[in-house]
Amino acid sequence: MTYAVSTIRPAGRPRKKRLTHAAIEPWLYLSPAIVLLVVVLLVPLIIGISYSFRKFSAFKSEYVGLGQYDAMLSDQVLGQALVNTLWWTVASLLFQFFLGLGLALLLDKPFIGRKFVQAVVFLPWAVPSFLSGLTWAWLFNPIIGPLPHWLFALGLKAEPTNVLSDPATAMWGPIIANIWFGIPFFAITLLAALKSIPSELHEAAAIDGASPWQRFTKVTLPFLAPTIVITVMLRTIWIATFADLIFVMTEGGPAGSTSTVPVYIYVSAFKSLDKGYASAVAVLLLVLLIAYAIALIAIRRLLVRHV
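Per the UniProt record's numbering, the sequence shown starts with residue 1, numbered consecutively.
Read the hints as simulated data drawn from the structure, not as lab findings.
Errors might be hidden in some of the hints.
Claimed, not checked - Calculated pairs, DSSO-like style, for lysine-lysine (alpha carbon to alpha carbon, straight line, at most 30 Å):
1. Lys218 <-> Lys109
2. Lys195 <-> Lys115
3. Lys195 <-> Lys109
4. Lys195 <-> Lys218
5. Lys195 <-> Lys60
6. Lys195 <-> Lys55
7. Lys60 <-> Lys271
8. Lys55 <-> Lys271
9. Lys115 <-> Lys275
With these hints in hand, go ahead and build the complete structure from the sequences.
Structure (structure tokens):
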């Protein structure tokens, strides 16, 4: 009589292998992106922070510890650059947001020629920032541009002079160019958020007798609030670190009236050849923007919780 003896294997080992494979497999798929982020973002960040503790000369560098950060405390040019950055960021952001929101609300309604208007509205976002700055610099030039003559005709200026050459008005040139450049970002993102709001909510509010303003404040705005917080945070960071338009139009002048922190970093690193000090200023800007982002994310969590 023959008996078949089956070999009983422990079930724990294959299951453990499957769990290990399941835990490792997602990281294998993510590894190319992780390597790219480390090489492109993390490594330059570490190198830049390390530069902020050194002082560079023509042929050598030396470790100075917190010396570069101590120098920033008495740097009046940096203080003016911080004020200019705040003015540049807040003014650009407010106009971009409200004009972009208005365009999003307009494009959310059906009307004749809406596709054409959408194409025109979104066009500035596709134009390279260098070309935008060059075009607006030409427009503000009283010899070849129309804007100074229009301002003179409207009585806003005593004579058709270049706005960019006057320290009192020079910052408004890049701000206007940046407003034109950044409106499409808010228009696109807020229009997408408007499309996600159920139409039944507006219909129910209208049936209950809510006015258009009440429907906007009680229905539309609460649904837009999380998107608004994220778009405002991203756009603020982009504007605060954006130096292309200013450098093309004014190079930080006249008399430093348009010199923002990114422009000051560029001038310190590539014109003054002081890479250590430029890195320290960049670290300061990074810390300020991280604190701002943390505050905005906390506000967004509160808004999402109450929507």
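Now for the hints, and whether the structure bears them out:
1. Lys218 <-> Lys109: Distance of about 19 Å is within 30 Å: holds.
2. Lys195 <-> Lys115: 16 Å, holds
3. Lys195 <-> Lys109: 10 Å, holds
4. Lys195 <-> Lys218: 17 Å, holds
5. Lys195 <-> Lys60: 58 Å, violated
6. Lys195 <-> Lys55: 53 Å, violated
7. Lys60 <-> Lys271: 17 Å, holds
8. Lys55 <-> Lys271: Holds, at roughly 15 Å.
9. Lys115 <-> Lys275: The given pair, whose Cα atoms are some 48 Å apart, is violated under the 30 Å limit.
Hints 5, 6, 9 from the list above are not met by this structure, while the remaining hints are.
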